[in-house]
Amino acid sequence: MATMNFPDYIKRNVSLKPFNTFGMDVTALAYMEVKAVDDLVRVYGDARLMTLPRLVIGGGSNLLLTGCFEGLVMHMGIKGICLEKEDAEYIYLRAAAGEKWHDLVLWTLEKGFGGLENLSWIPGTVGAAPVQNIGAYGVEVQDRFFSLRAFDFESGEIVELGRSDCRFGYRDSIFKNAMKNRLVIVDVTFALPKNWHPNKGYAEVEKELERVGIADPSPAEVGRTIMQIRQRKLPNPAVLGNAGSFFKNPTVPAEKLFRLKSEYPEIPAYSQPDGRYRIAAGWLIDRCGWKGRRIGDAGVCEKQALVLVNYGNATGKDILALAEAIERDVFDRFSIRLEPEPVFV
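First residue of the sequence shown? That's 1 in full-length UniProt numbering, and the numbers climb one at a time after it.
Any given hint could turn out to be false.
[Claimed, not checked] Distance ranges between label pairs, derived from CB positions:
hint	residue 1	residue 2	range
1	Ile-158	Ile-336	35 to 45 Å
2	Tyr-9	Gly-275	45 to 55 Å
3	Ser-218	Pro-53	44 to 54 Å
[Said to hold, decoys possible] Computed cross-link-like contacts, SDA-like style, restricted to lysine to any residue with a CA-CA straight-line distance of at most 20 Å:
hint	residue 1	residue 2
4	Lys-233	Tyr-202
5	Lys-85	Ala-191
6	Lys-317	Gly-296
7	Lys-35	Ile-81
8	Lys-194	Tyr-92
9	Lys-100	Asn-236
10	Lys-261	Thr-251
11	Lys-35	Asp-152
12	Lys-207	Gln-228
13	Lys-303	Glu-341
14	Lys-180	Tyr-170
15	Lys-79	Ala-36
16	Lys-303	Pro-235
17	Lys-111	Glu-84
18	Lys-233	Val-212
19	Lys-248	Gln-142
20	Lys-233	Glu-341
21	Lys-17	Pro-235
22	Lys-100	Gly-135
23	Lys-207	Ser-218
24	Lys-17	Thr-27
25	Lys-11	Glu-70
Hints in this document: simulated from the structure, not taken from any laboratory.
No residue lacks a Cβ here, since even glycine has one placed at the ideal position from N, Cα and C.
Sequences are here, hints too, so could you generate the full structure?
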């Protein structure tokens, strides 16, 4: 494999350090930037490249690289945002997979469109957003999603998927499971409501709006408020390597929550439509004494226990070992299993 002759649009032995927010300095055997669908078609038409393992990356903000990748890394760089259409209820906009997610949110707010403001200041790209079904402050991508187009590496064609096709779940979708190595998202269409109302369901957001004296906020004011909250709570990956929230908030049956509350009445929990409760993973980690701790250059953020950080020279395996130690402690104390959010490679 190492002696394979690659076409001239493929780079060999490329460091992936600039392409993952943890800052892991590992290499890819082969690398290409995808600037158009035709680039994916070229890979599909090259029998040699099709024998390689493939890894699609966007902003690398939900990725833990635990070693060098002996395959082809395809870095999504397709750009473009446009209004598709509108009807009586929605404005539909299409964004290419390589656009930065936060740039898309800012684009909508500059035009006065509401709907994505609660997802402000989330790192990563548009193409990665449906994969993870990113969410924050009471809104998930699936709530604003209309459709997407993806390149199918089995048929070599572009396919279109609607919301039900994507099988969205909590930080989950078909792209993390059945179609993980088959479909590559090239653009996403969102439906933004014309009859917009601010989502202030989180006390933290409502409190901040009250503090600055905004009773009836615009989409831009909600977005600005959430940006300020997130910047205050979360470390900047450009300064301190991290992938944002490392663990999902676990969901437990009501009876388990009631048992936990008998011992920990202050435990934060949020009711779900199915009668279960979602518990704040950061609180569980903090109660186990991990907040601010570090093992070598792998550590837990001092401000937010849900964020694992690379203090400089941690490897992906160092971060993974830290995560496993945290998972064991949380399970031993609360009998709750934490599930990581990032993709491990």
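query: Does the structure keep Lys-261 and Thr-251 at a Cα separation of 20 Å or less?
result: holds, 15 Å
query: Would you say the C-beta atoms of Ser-218 and Pro-53 sit inside 44 to 54 Å of each other?
result: The hinted range 44 to 54 Å holds for Ser-218 and Pro-53, with Cβ atoms some 46 Å apart.
- request: Starting from Lys-100, check that the Cα of Asn-236 is at most 20 Å away, please.
  value: The hint holds at about 16 Å.
message: Check the hint pairing Lys-233 with Glu-341 against an upper bound of 20 Å on the C-alpha distance.
response: With a Cα-Cα distance of about 18 Å, the restraint between Lys-233 and Glu-341 holds, given a limit of 20 Å.
- request: Take the C-beta atom of Tyr-9 and the C-beta atom of Gly-275, compute their distance, and say whether it sits inside 45 to 55 Å.
  value: holds, 53 Å
- request: Starting from Lys-317, check that the Cα of Gly-296 is at most 20 Å away, please.
  value: Answer holds: Lys-317 to Gly-296 is near 12 Å, not above 20 Å.
- prompt: Do the alpha carbons of Lys-233 and Tyr-202 lie within 20 Å of each other, as the hint requires?
  reply: holds, 15 Å
message: Just to be careful, I want the Cα atoms of Lys-17 and Pro-235 compared with a cutoff of 20 Å; is the pair within it?
response: Holds, because 18 Å separates the two Cα atoms, which is no more than 20 Å.
- prompt: Between Lys-100 and Gly-135, does the CA-CA distance stay at or below 20 Å?
  reply: Within the cut-off at roughly 16 Å; holds.
message: Lys-17 and Thr-27 were given as a pair; does the straight-line alpha-carbon distance stay at or below 20 Å?
response: holds, 8 Å
query: Are the Cα positions of Lys-35 and Ile-81 separated by 20 Å at most?
result: Satisfied, since the Cα-Cα distance of roughly 14 Å is no more than 20 Å.
message: Tell me if the straight-line CA distance from Lys-207 to Ser-218 falls inside 20 Å.
response: This hinted pair holds, its Cα atoms lying about 16 Å apart.
Every hint from the earlier list agrees with this structure, and none is contradicted.
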